[in-house]
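Asker: Just so you know, the protein sequences line up as chains X and A, in that order.
Counting in our numbering, the first sequence runs from 840 upward without gaps.
Counting in our numbering, the second sequence runs from 24 upward without gaps.
Take these hints with a grain of salt, some might be off.
Said to hold, decoys possible - FRET-style restraints, in silico, Cβ to Cβ:
{"no.": "1", "chain 1": "A", "residue 1": "Leu295", "chain 2": "X", "residue 2": "Pro961", "range": "53 to 61 Å"}
{"no.": "2", "chain 1": "A", "residue 1": "Ala128", "chain 2": "X", "residue 2": "Leu982", "range": "40 to 48 Å"}
{"no.": "3", "chain 1": "A", "residue 1": "Val89", "chain 2": "X", "residue 2": "Val933", "range": "40 to 48 Å"}
{"no.": "4", "chain 1": "X", "residue 1": "Arg918", "chain 2": "A", "residue 2": "Leu296", "range": "31 to 39 Å"}
Said to hold, decoys possible - So the derived list for chain X, only partly shown, Cβ under 7 Å to chain A, looks like this:
{"no.": "5", "residue": "Gln846"}
{"no.": "6", "residue": "Asn849"}
{"no.": "7", "residue": "Leu850"}
{"no.": "8", "residue": "Gly853"}
{"no.": "9", "residue": "Trp864"}
{"no.": "10", "residue": "Val935"}
{"no.": "11", "residue": "Pro936"}
{"no.": "12", "residue": "Leu939"}
{"no.": "13", "residue": "Ala943"}
{"no.": "14", "residue": "Ala946"}
{"no.": "15", "residue": "Tyr950"}
What the hints contain is simulated information worked out from the structure, not anything from laboratory work.
Glycine residues also receive a C-beta, built at the ideal position from the N, C-alpha and C atoms.
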Amino acid sequence: MSNQFVQALNLAAGLILLTAVLTLWIRRVSTLVRLIALQGVALAVLVGTVAWHGHDRQLGLLAFGILALKAFVLPYLLRRVSTQPGEAETDPLVNVPASLLAAAALAAISYAVTRPLVALVPSAQVRATPVGLTIALIGLFVLLTRRRAVSQVIGFILIDNGIAVVAFLTTSGVPLVVELGSALDVLLAILVLQILTNRIQAVFGDTDLDGLRELRD
Amino acid sequence: MTVFSVVTALVQVVLVAAVGPILVGVLRQLRARVEGRVGAGILQPWRDLIKLLRREPISAAGTSWVLILAPVVLMGTSLAVAVLVPYVSTRSATANSSDLFAVVALLLVGTVVLTLAGLDTGTAFGGMGASREITIAALVEPAVLLAVFALSPPAGSTNLAVIVARRVSDQAQLASPVSLLVVVALMIVTLAEAGRLPVDNPATHLELTMIHEAMVLEYSGRDLALVEWASSIRLVILLGLTANLFLPWGVATQAGALALLVGVVAFLAKLLLFGAVLGIGEVFIAKFRLFRVPELLAGAVVLGFLAVMAAFFLVQGSG
Chain X
840 MSNQFVQALN
850 LAAGLILLTA
860 VLTLWIRRVS
870 TLVRLIALQG
880 VALAVLVGTV
890 AWHGHDRQLG
900 LLAFGILALK
910 AFVLPYLLRR
920 VSTQPGEAET
930 DPLVNVPASL
940 LAAAALAAIS
950 YAVTRPLVAL
960 VPSAQVRATP
970 VGLTIALIGL
980 FVLLTRRRAV
990 SQVIGFILID
1000 NGIAVVAFLT
1010 TSGVPLVVEL
1020 GSALDVLLAI
1030 LVLQILTNRI
1040 QAVFGDTDLD
1050 GLRELRD
Chain A
24 MTVFSVVTAL
34 VQVVLVAAVG
44 PILVGVLRQL
54 RARVEGRVGA
64 GILQPWRDLI
74 KLLRREPISA
84 AGTSWVLILA
94 PVVLMGTSLA
104 VAVLVPYVST
114 RSATANSSDL
124 FAVVALLLVG
134 TVVLTLAGLD
144 TGTAFGGMGA
154 SREITIAALV
164 EPAVLLAVFA
174 LSPPAGSTNL
184 AVIVARRVSD
194 QAQLASPVSL
204 LVVVALMIVT
214 LAEAGRLPVD
224 NPATHLELTM
234 IHEAMVLEYS
244 GRDLALVEWA
254 SSIRLVILLG
264 LTANLFLPWG
274 VATQAGALAL
284 LVGVVAFLAK
294 LLLFGAVLGI
304 GEVFIAKFRL
314 FRVPELLAGA
324 VVLGFLAVMA
334 AFFLVQGSG
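The whole structure should be built from the sequences, with the hints applied where relevant.
Answerer: Here's what the structure looks like:
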């Protein structure tokens, strides 16, 4: 049973890592949104596995909440934004091979940084925490290097997923209220960003954030 | 070295050589059916090969011995790899030599010899194809090495037979994140190395897009047959390696005629499964621009690298 738990946990963590790397690789926004939904499913599986292992009913309910929010609501909202003209492809500031290599470096950094943490409790659950940190760092990288508003939102979601992974793996879940609060924060941020994208679109004709520089003059 | 192990090695090489053109035929037939055409049947590549083998090769003026030697070396290295890699059984006579680095090096020798032949003809196409092929090869080799290397820590060896035997005995490894990352990386590598669709279109003769076809443009008759046959064997080699690492069920780890038979049937079934996925998948994608190909392969290298890291940090100690 314990072995199956480790396997399910590792598989979910691996899927989350894979989808995070693929977000750097793929340019088409509709595919990106599908990847984010897949990552949401993997995150829900991860949380569900932890809940099932610890017989934690509250955490189990939370897994369903995460599934609903991250696999259905957020992708739905993102898809609505991304169907607007001029939003079909992202054009990264750093080219794709370089960002993929950067992702590899970020993963190496997170493995190095979390070593003391893993050494504290070397269980299978804690051993997977570098994955969470890697995803948060990749999200930050996406925020830095992508220009389109939708890609910015995707970077933001990656950071949130990364933090959630680290939280669930190290502490078996933060209190429900805190997690719900942060999830609602992200939802709110996306709603605000959606309105913002619409406004940017209305003024400039597309959502390239570089156009906003002109506002400073 | 028992009689069985020698028989196994022979069965393996004959099987891979025979199945190569058939796999290409299956891929073409699948493509035809999905596109609504009747198709030429899965044996058409074999008929083409037999026709070509009867014809006299004609060398272009000014070409050297490199052009004549290349198909033989390419075929030789491909067959050597077919013997080495544990496709049917991990107990064949050559299992001790089936080291990952030896296999990748043999594949690279074949690639390099063919690019030399492409340069030897002195035509624009040959040189162009050779330069593209070597660019891709330089990115493919590290990806293969990293990806398969990620599977070696549990087995404690880079010997492919040991790795496959270990994965047969310990099925818990199959659903690990390492396997997931490795299989994605290996599939990309297979597409690139075998010249399949997003990287190279095997059916095209359009000057600007071809890679493999550009190199072998000056070949004819027997030599062309050898080159085409070896290319199809390389597709089986890579697809079979991916299949056996990801789904090692049925590979014979014991000596015996029954185990060998099961191994052969399982290998063919796995090859058909992966080939079908590849063939149907190819219908729905377009060829990448050449400048996008390094992106694809950089992705494979990074996935391989992440798999190696995950193999050392995530899985070790938890099992």
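Asker: State the violated hints by number, sorted upward, taking the hints as numbered earlier in the document.
Answerer: The structure conflicts with hint 1 only, although it agrees with all the remaining ones.
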